[in-house]
Every structure is written in C-alpha cells, then in structure tokens.
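Listed here are the chains, written in short residue letters.
Number of protein chains: 2
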Amino acid sequence: MNPVELIIKKKTGKELTQNELEYFINSYINNEIPEYQMSALLMSIYFKSMKIEEIQTLTKVYIESGKQITFPKSYKTVDKHSTGGVGDKISIMLAPIVAACGGKIPMISGRGLGHTGGTLDKLESIPGFRTDINDKEFKEIVEKVGFSIISQSEELVPADRRIYALRDVTGTVESLPLITASIMSKKIAEGAQNLVIDLKIGSGAFIKDIKTGKKLADLLIKTGEKFGQKVSVVFSNMNSPLGEYIGNALEIKETIEYLQGKELPDIDILTKTLATEMLLLSETASTKLEAMEMIEDAIETGKALKYFKDFITAQGGSEKVCDDVSLLPQARYTIPIISQRSGWINSIDSQQIGYALIEIDAGRKTLDSKLNYASGAFLPKKIGDKITINEEIGKVFCDDKNLGKMVADKIANCYLVSNKKVQKQNMILKILNKFSD
Amino acid sequence: MNPVELIIKKKTGKELTQNELEYFINSYINNEIPEYQMSALLMSIYFKSMKIEEIQTLTKVYIESGKQITFPKSYKTVDKHSTGGVGDKISIMLAPIVAACGGKIPMISGRGLGHTGGTLDKLESIPGFRTDINDKEFKEIVEKVGFSIISQSEELVPADRRIYALRDVTGTVESLPLITASIMSKKIAEGAQNLVIDLKIGSGAFIKDIKTGKKLADLLIKTGEKFGQKVSVVFSNMNSPLGEYIGNALEIKETIEYLQGKELPDIDILTKTLATEMLLLSETASTKLEAMEMIEDAIETGKALKYFKDFITAQGGSEKVCDDVSLLPQARYTIPIISQRSGWINSIDSQQIGYALIEIDAGRKTLDSKLNYASGAFLPKKIGDKITINEEIGKVFCDDKNLGKMVADKIANCYLVSNKKVQKQNMILKILNKFSD
Numbered sequence: 218m219n220p221v222e223l224i225i226k227k228k229t230g231k232e233l234t235q236n237e238l239e240y241f242i243n244s245y246i247n248n249e250i251p252e253y254q255m256s257a258l259l260m261s262i263y264f265k266s267m268k269i270e271e272i273q274t275l276t277k278v279y280i281e282s283g284k285q286i287t288f289p290k291s292y293k294t295v296d297k298h299s300t301g302g303v304g305d306k307i308s309i310m311l312a313p314i315v316a317a318c319g320g321k322i323p324m325i326s327g328r329g330l331g332h333t334g335g336t337l338d339k340l341e342s343i344p345g346f347r348t349d350i351n352d353k354e355f356k357e358i359v360e361k362v363g364f365s366i367i368s369q370s371e372e373l374v375p376a377d378r379r380i381y382a383l384r385d386v387t388g389t390v391e392s393l394p395l396i397t398a399s400i401m402s403k404k405i406a407e408g409a410q411n412l413v414i415d416l417k418i419g420s421g422a423f424i425k426d427i428k429t430g431k432k433l434a435d436l437l438i439k440t441g442e443k444f445g446q447k448v449s450v451v452f453s454n455m456n457s458p459l460g461e462y463i464g465n466a467l468e469i470k471e472t473i474e475y476l477q478g479k480e481l482p483d484i485d486i487l488t489k490t491l492a493t494e495m496l497l498l499s500e501t502a503s504t505k506l507e508a509m510e511m512i513e514d515a516i517e518t519g520k521a522l523k524y525f526k527d528f529i530t531a532q533g534g535s536e537k538v539c540d541d542v543s544l545l546p547q548a549r550y551t552i553p554i555i556s557q558r559s560g561w562i563n564s565i566d567s568q569q570i571g572y573a574l575i576e577i578d579a580g581r582k583t584l585d586s587k588l589n590y591a592s593g594a595f596l597p598k599k600i601g602d603k604i605t606i607n608e609e610i611g612k613v614f615c616d617d618k619n620l621g622k623m624v625a626d627k628i629a630n631c632y633l634v635s636n637k638k639v640q641k642q643n644m645i646l647k648i649l650n651k652f653s654d
Numbered sequence: 218m219n220p221v222e223l224i225i226k227k228k229t230g231k232e233l234t235q236n237e238l239e240y241f242i243n244s245y246i247n248n249e250i251p252e253y254q255m256s257a258l259l260m261s262i263y264f265k266s267m268k269i270e271e272i273q274t275l276t277k278v279y280i281e282s283g284k285q286i287t288f289p290k291s292y293k294t295v296d297k298h299s300t301g302g303v304g305d306k307i308s309i310m311l312a313p314i315v316a317a318c319g320g321k322i323p324m325i326s327g328r329g330l331g332h333t334g335g336t337l338d339k340l341e342s343i344p345g346f347r348t349d350i351n352d353k354e355f356k357e358i359v360e361k362v363g364f365s366i367i368s369q370s371e372e373l374v375p376a377d378r379r380i381y382a383l384r385d386v387t388g389t390v391e392s393l394p395l396i397t398a399s400i401m402s403k404k405i406a407e408g409a410q411n412l413v414i415d416l417k418i419g420s421g422a423f424i425k426d427i428k429t430g431k432k433l434a435d436l437l438i439k440t441g442e443k444f445g446q447k448v449s450v451v452f453s454n455m456n457s458p459l460g461e462y463i464g465n466a467l468e469i470k471e472t473i474e475y476l477q478g479k480e481l482p483d484i485d486i487l488t489k490t491l492a493t494e495m496l497l498l499s500e501t502a503s504t505k506l507e508a509m510e511m512i513e514d515a516i517e518t519g520k521a522l523k524y525f526k527d528f529i530t531a532q533g534g535s536e537k538v539c540d541d542v543s544l545l546p547q548a549r550y551t552i553p554i555i556s557q558r559s560g561w562i563n564s565i566d567s568q569q570i571g572y573a574l575i576e577i578d579a580g581r582k583t584l585d586s587k588l589n590y591a592s593g594a595f596l597p598k599k600i601g602d603k604i605t606i607n608e609e610i611g612k613v614f615c616d617d618k619n620l621g622k623m624v625a626d627k628i629a630n631c632y633l634v635s636n637k638k639v640q641k642q643n644m645i646l647k648i649l650n651k652f653s654d
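For the protein sequence lines, the chains are L and E, in the order given. Residue numbers for the first sequence follow the working numbering, beginning at 218 and rising by one. Residue numbers for the second sequence follow the working numbering, beginning at 218 and rising by one.
To be clear, the hints were calculated from the coordinates, so they are not data collected in a lab. Some hints here could point you the wrong way.
Note that the list lumps identical chains together, so a pair holds whenever it fits in one copy or between two copies.
Within a straight-line C-alpha distance of at most 30 Å, the following computed DSBU-like cross-link-like pairs (lysine-lysine) qualify [unchecked claim]:
{"hint": "1", "residue 1": "K582", "residue 2": "K231"}
{"hint": "2", "residue 1": "K489", "residue 2": "K598"}
{"hint": "3", "residue 1": "K226", "residue 2": "K627"}
{"hint": "4", "residue 1": "K582", "residue 2": "K226"}
{"hint": "5", "residue 1": "K231", "residue 2": "K627"}
{"hint": "6", "residue 1": "K425", "residue 2": "K505"}
{"hint": "7", "residue 1": "K231", "residue 2": "K268"}
{"hint": "8", "residue 1": "K231", "residue 2": "K425"}
{"hint": "9", "residue 1": "K647", "residue 2": "K489"}
{"hint": "10", "residue 1": "K431", "residue 2": "K226"}
{"hint": "11", "residue 1": "K356", "residue 2": "K520"}
{"hint": "12", "residue 1": "K425", "residue 2": "K265"}
{"hint": "13", "residue 1": "K443", "residue 2": "K428"}
On a predicted model such as this, the values are computed, not experimentally measured, just so you know.
Please model the complete structure; the sequences and the hints are all you need to start from.
If you want it as structure tokens, here you go:
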C-alpha cells in the first residue's frame, strides 16, 4: 500500500477500508509512516469526514493498537466522559455517588491542557494521592471501592495518544470522526460496558451549537453500539464555569462540601442528571425515580462521602482532607475581584477565565508546566445574577500578589452585563440515547 | 506567531497575511516549523485555496527564500514552461528557433519523475553535455548563444524545492495556488521577463478540463503581472504523446530532424505557436505574421540548427550529433509493437505509455533511478489514424529483449479504437493573456 494514494483517496472524499486504516495507523505507530503524512491524512479527514462504518473501524484500529482491560459482564461497569469545561469537577463527586448506589466505575482520565483543568490534576492536589496505578490494582480498587480514577498507561490505546498529540499541533482537533474515535477507543479499552457522555454546548465549549452536538452524539452512540457498549449523551450548558470554585485543590474542597450537603445548584443538577443516566444504563436502577431516590440517599446519609474517603485511601491519599479541607494546599494571598459594571450578567467568558488562571499556574501552558495546586478563584456569580459596579464578585487565590491582581482584573472583564433583567439558563439541554427520538 | 493558529486560520478559509506567510515558510526552511505542520497547512490550502493577493505573496516569499538571477531590461528575456506531457521535447527545438529570431531565453529546467520525461535528461543524452552550470556561465551563454538550459541550483527558490518535495509525498500536488507559486517563483527568479506557458489539457495531463485550465491561467497571468513579468498561456491538447519518439536520446534525434526540416505536424504546430507567442511577448516580432515568417526562415535556412549546435558546444556537448544522429546512445534491440485491434484510434493512454517505458529505464521510478538514454519507443500513430490487427504500429528500443517485449505489449494495449471514423484533434485549444478576451 502507498500512503500518498491513501491520503489522496481520503482527500477526494472516498472511504478507507479496514485494511487501509490498519496499514496507515499501525505503520504510523511503528514509525514507518512519517508524521507529515499522518498530518495530511488527518487534515483530509477533517475536511472530508468519515462514514459511520469508517469511524467504527478507526475506533477498532485504535483499540487494537494496545491492550484492553476487561471486567466481568456482571459488573455492568459504567463510566462518564465530559467533552471538557472550565471548573468541571463533576467526575469527582459523580463517581463516589454512583459507586455508593452500587455502580462499578473504571475511570481513566486526563490531565489539563489549555483553558480546562484535568481531573487527575485536581485529585493529585490531595496529599499523597496517586493516579499512576497499574491495571491489576485498578481492577482491585474498582472491585473493592466501586470506582477508581487513574491516568492512561502507555499500553492503553497508544495510537490515540500519538495521534491526539499530533492533532493538537496541526489544527485537526475539531473533527467529529476523530473526536469520536478518540473518546470511544479509550472508553471501550478501559472496560466500561456503559458510558454517559456529558456533551458541553456553548461559547466556552468545543461544540458551539446543539446541531453539531447532535451529530457527534449520533456518532458516539452508534460507535458504542458496534462494540456492545451502551451510550447515553447528556447535552449540558457550558456558558459559565461550573460551581463556585476553579483551581485544583479548590475544586477538591468544593467536591467535599457538595458531598457534605452544600447547595450548589448547577453542580447539583448536572451531577444528578449524569448519575441517573449512569444508574439506568448499568441497570443499577430501573426507573428515573428510583435512581434519583438512590442518589439523594447516597448524599444525605454521607455514604457517597464515605466512598470518596475509601477511594482516596485506596489510591494512597490522605482521607483526612474530607474532615478538614484546610489540609489541602492553601494559597498565600486572597485578592478580591471587583466588578467593573452594574447590571444583570448576560455572558461569562469561561475560556478567558481559564486562560487567565493559567498565569498563576492553576492550569498548564505546555505539557511540562508545573502546577500550583492552591491557585484558583472563587466565582459565585452566574448568568442572570445582578452585580453592581465596585462590588466584590469573587476572589483570586495565589502566591504572587501582583500576578493575582492582574488575574483578578482580567477575570472581572470576563463578565458582561445587560441593563435589563437576564433569564437564568437551563443546565441540561437534552438527553439522547438509542432509545430517544 | 503560533503555527497552529495559522493552520487553523487557513483551514477555516481565512487569508494569510504577508507576515504570516513569511513567518511560516521561512521558519519551515530554517527547520523551526516541523514538516507535519507544513503538511497540515498545505492540505488546508488545497481545500480552502488562496486569494490572488495571497498567491502573489506566497510567490514573493518563495522567490525571496533564495537568490535571483537578473538580465538587463533590454534583453527582454523570454522563457517557456510546460505543465508536462509524454514526449514533450518542445523546449529543445523551441529555444534555438526563438534565439535564432533574436530572443534571449534563460531556461532553468527539471528532470523527469513519474510518467513524464525531463528536458535535462534528454539533453544529457548528448555525449559530454552539462546542465550543472553556474549563474555566471549561464548568463554568458544566454548572452553569446541566445539561450541556455540548465538545472536549478541549490540557491534558487529553496522554499519551492523543499515544499515541492513535501507536496509530492502528502497528496497536495493538485492545488492551483501551490502550482502557481511553484511555477512562477522559479520563472521569475531565473530572470525571465516574459513567459509563455504551455498548459496541457487532457486525459494524460495534470489539468483534465479547460475550465480548471482557465482558472490556473488566470492565476499565472495575474501573478506574473505583479512581478512585472508578461505571461501568455497556450492551452494545448495532451491526449496523445507529442511527436513520434519517446525516450531521451530518441527525442534529441527527433529534435535534430525537426530542425533539419522533417515534417512532424503536431510538434510543428505547437512549436510554432509557442515560438510566435514568445516573439510577440518579448517584442522581437510585432505581429503574428512577422513572427511566423521569422520562425519559418530560422528553420528553413538552418539558422535554428546552427544555434542548437552552438548551444551544445557552449554546454560541453558534442555538436557532431547534429550531423550524425547515430553518435547518440543506441539501443541493442528493436521490438515491434503489434496492434491488437482494427479500427480508428480514438484514445491513446499517454500516461500508461510513460509508465510502461519506465520499465526499460527511459524514465525514473525514484529520484535516484539511473536512466538508459537509448531506451524508448517510436509511436507514429495518432488519434484518428486507422490501424489493423497484427499491423506494426510502432517500435520499442531497449537493451533487454524480454522486458522490451513486455513493454511493447503494454503499449499496444494503450491504443483504443472505434469502428467508426474518428475526428483528428486540434493541437491548440486556446491562447490566453492579459490582452485576450
């Protein structure tokens, strides 16, 4: 086979066969096809897309590039994947809640890059916590605690890891076929038998409109089906940061407080919606009502917090942080964020808030950047809230006063107001799975 | 500047500025931007094209990546570029004819790759002939003999050389903006003040239809104009090989015979059309009629052949080949090509003929392949000619009998016939320049 001919085939809109995709991807992984040819193929896929059968084949080739983790069928394992948002700590409260209800969650997660934080980074702000856990231990923790959250090992879907890194530097990230194969290969290889996807829609998200979201959802559901994985897609609003805190240790603090019963309306509705879908898909609950009762119970009785503690202990962390959040890394300074306008908030630029917080090392500029776990912000104001000029609308936590002030000013600028009352936005936009219309 | 942002800018159909193109191309040449990012940009240009201003800027950046050759304005230098065809030896007869009429032709030419032969390879079949001539000597030969044909030095348009090689292996050759910048940068950097382009149209050519040809012609003319170069585009038919011979030494023999007065209708009309355009553009002739008379005279009086001899001598070759073509490399065997059908020829697959002849080393498989200058074929039959089954319709010249027979069979298969009379095709389809409608 000739790589140039395959590039031209895709470039002219033709379908690649299983043999052709296997040849191209495997030769790339074995360094027999150079990066410039893979990059040309990726850009051709971006422009010419792929048929669903091709996407399923690509996903298969990705999966078979490495090893796979399996769980007994009886586990009815279920995982959640989020397409990424600012302040998105939902996995960390969701997993113990679903586990407390009887679900089994094998979760392989990622680190933050760009304006969104990574679940692994947040967890690693807990003193002693480890995410580089081998398959055997991973399976044991899932069995014993009900869930485990670890980093992707070198052996799991290496094709996706290599190609994802190349997409990041060649402008080929926003391709629905490539996004689908990337998400689904990891979630199938990790052994999840059921999968709920939190598909963020909005200005701060990857997917800007619900029409594109529906197209992606359809590809995800059909690809899961091909591999015997049930998939449900929740479309959620990503027009403002989730919860009140952004920053690694601060989001762990917020998770603990939520599991202790603190009221956080946006987090609450999203967590419970996703948890309900997870319990239904994995047949842990048989009706929506039953699922919701199980979830309420897991939180109110402290059972979910208990599962969270066991999880922290199982992965080498100090569970004491759950009883005393001041044991988490603390920033030296607290800088107020002062509103520069009066009116009702009608938009919050989450992406710019995310980028601003990178300046104080709450997020990464490059893959090698060192994080400051204590850095971050408290941002309780939501779209529809009324704010007044010179009012304190939040705080920045940091170890450098001057940088912190600059960041506070930048964040203040991310709030745009209207002089008319603004409608509060719905968090959940739609839920799609193969049983939906 | 960030290369990924520039790739995304082009990918989303936006225009790149001069600064951006300079940064991207120059960083690539200096190995600061990797090949996989250049490849992603090239594929984005293939899909999203470029505005004429962008193409002009790209051409400028290409030219400025190396040094430029200049000639006095009074020379009114004129060159010809062909988009490539099987048996295309036209440059070799055209240059001495135009020079004999008083034109100055600084011609930097290429080698063959794929199914088309290269002018340099053909010339190098003349014993002693050199094409690796430095700029100083090049200018001297143009001044003294009126024309010189040499190979592209390392210093001339290095950006195009690097990017052309990458396009070849990434499926990004067929992009009108990239084709335009590649042709025009070389033809401007070599010092041609006027340029005639032989744009081949047809099944065997790069450009399959006249609509795409017109688009390309428009880009070539406008880009030339930007740099003060007058461009005229001749659309010629490329549905059968040019002349009767294909093969390096065989095409030199054919050139000599044509300059001695042999009748070769397709070569004659194309050569004279291109020569007329060159004389008009360079203001060596003021009317078409005058140009045609000058050309006829140059051939009939033997003046053009004399110029060809002087050129061979100036570049180290043996001019005796012009008086005795048997001094050119001769193949050991002559294998007849036997027609497998009866009827009127209605199509000849020139591309497949070109590929078949690569088997006996008349052309190159890879850049490193060694040529056999003596190998080739005699193919006198044209579209519209009547042939009969078992008739000898041509010959293969080679040093390996068995390979030669295989090639003869392959070539015989490239002639398709009709049982009705087939119309002869026009060689010249259209001429376009800024003065045309």
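Consistency of the hints with the structure:
no.: 1; hint: K582 with K231; result: between (38 Å within a copy, 26 Å between copies)
no.: 2; hint: K489 with K598; result: within (21 Å within a copy, 79 Å between copies)
no.: 3; hint: K226 with K627; result: between (47 Å within a copy, 26 Å between copies)
no.: 4; hint: K582 with K226; result: between (37 Å within a copy, 21 Å between copies)
no.: 5; hint: K231 with K627; result: between (47 Å within a copy, 29 Å between copies)
no.: 6; hint: K425 with K505; result: within (29 Å within a copy, 61 Å between copies)
no.: 7; hint: K231 with K268; result: both (9 Å within a copy, 27 Å between copies)
no.: 8; hint: K231 with K425; result: both (28 Å within a copy, 19 Å between copies)
no.: 9; hint: K647 with K489; result: within (14 Å within a copy, 71 Å between copies)
no.: 10; hint: K431 with K226; result: both (28 Å within a copy, 26 Å between copies)
no.: 11; hint: K356 with K520; result: within (22 Å within a copy, 89 Å between copies)
no.: 12; hint: K425 with K265; result: both (20 Å within a copy, 22 Å between copies)
no.: 13; hint: K443 with K428; result: within (23 Å within a copy, 44 Å between copies)
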